[in-house]
Amino acid sequence: MGGPTMYPVGVTNLNQVFSSLSTRRRYEVWFLRLGLADGSGAWWFRYLLMNPGRGGCALHPSGMPVQVWATWFPRDGKPQSFIQGFPLADFGLSERGRSPFFFEIGNNGIDEDSCRGRLQVDDHDIAWDLRYRSTFGTTLSSMGWIGFSRTPHSDAAFSGKISLNGRTFDGEPLGHGLQGHNSGYRHRNLWTWTHAYFPNPSGPASTFEALVYEMPLGMRFRRAVLWHGRKLYIFRDLRERRRDSEHLQWEFKCSRRGGEDIEVAIGGSSKSIHHLPYLKTDCSGSFEVTNNSLAWAQLVFKQKGNPTEEMRTDAGAVLEMAGP
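Here my numbering is used: the first residue of the sequence shown is 1035, the next is one more, and so on.
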């Protein structure tokens, strides 16, 4: 825990599939969050595989085993989600634990560095064709078959095109954010997660990610990762000052033995807070997850013997909570 940890270049397996198609109880999801470069909003895409060995949750109307989600967070409006489910018949998935990774269903797919989609939900037509590149990826949490949280692309730059009901977003770059990969036997009863992308006009961008969730016997998993100046700082000593699940605000402090300290605050406008029901893997019902993909974040980074650095983004962060 002394000095910064250098990122091990060449890590390419963070998207590898964990589940087999015979798995009866498990969710596995590959997702993207990108804030548009023009400041008009942010997009959240999810490619979900759930309980393939039992056909999802067959008795639930939103329990298809393969699902594709698209959520639009407009800068001056309320978020909108579009979700479509699919059977396993035409589903294509790379082999468990093998690279390169791919997930394909109809006009929708994601692989190591690109994704595409086409959803027609009610009277809405959403399509996207994106590519992304990054210099950093990490595993935030790894508990084997119980579950994991990975970020194959933490400082992702996106290019390509997105369309919503005839409105087109395109650019080179189109936006910035992350591509993540999570899986678990069940969802946690309580978690708080954030990711922030801090642009730097005079150098490489910095990113910050933190995760806290409940564990047995009243314990908590706590970890934060700062990618700054092409160096990795891992913090396990995360002390919450404020967690407001109603207004989606989070403040905390982290320290390392090497003399690095960070103070972090994340929040956002109430109109960008989005509530979505997630189906439990035992098919017993659903629970609410709250997400703001247009959050602001500010981070103060202190290193022994170096000037204090302050980083801020007005809408380049995502904050998500489940549980009270």
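Mixed in with the good hints, there may be bad ones.
[As the list claims (entries may be wrong)] Straight line, CA to CA, 30 Å or less: simulated DSS-like cross-link-like pairs of lysine-lysine: (1) Lys1305 to Lys1195; (2) Lys1287 to Lys1305; (3) Lys1265 to Lys1336; (4) Lys1314 to Lys1336.
If you're looking for bench data, these hints aren't it; they were derived computationally from the structure.
Of all the hints given earlier, name the ones this structure violates by number, lowest first.
4
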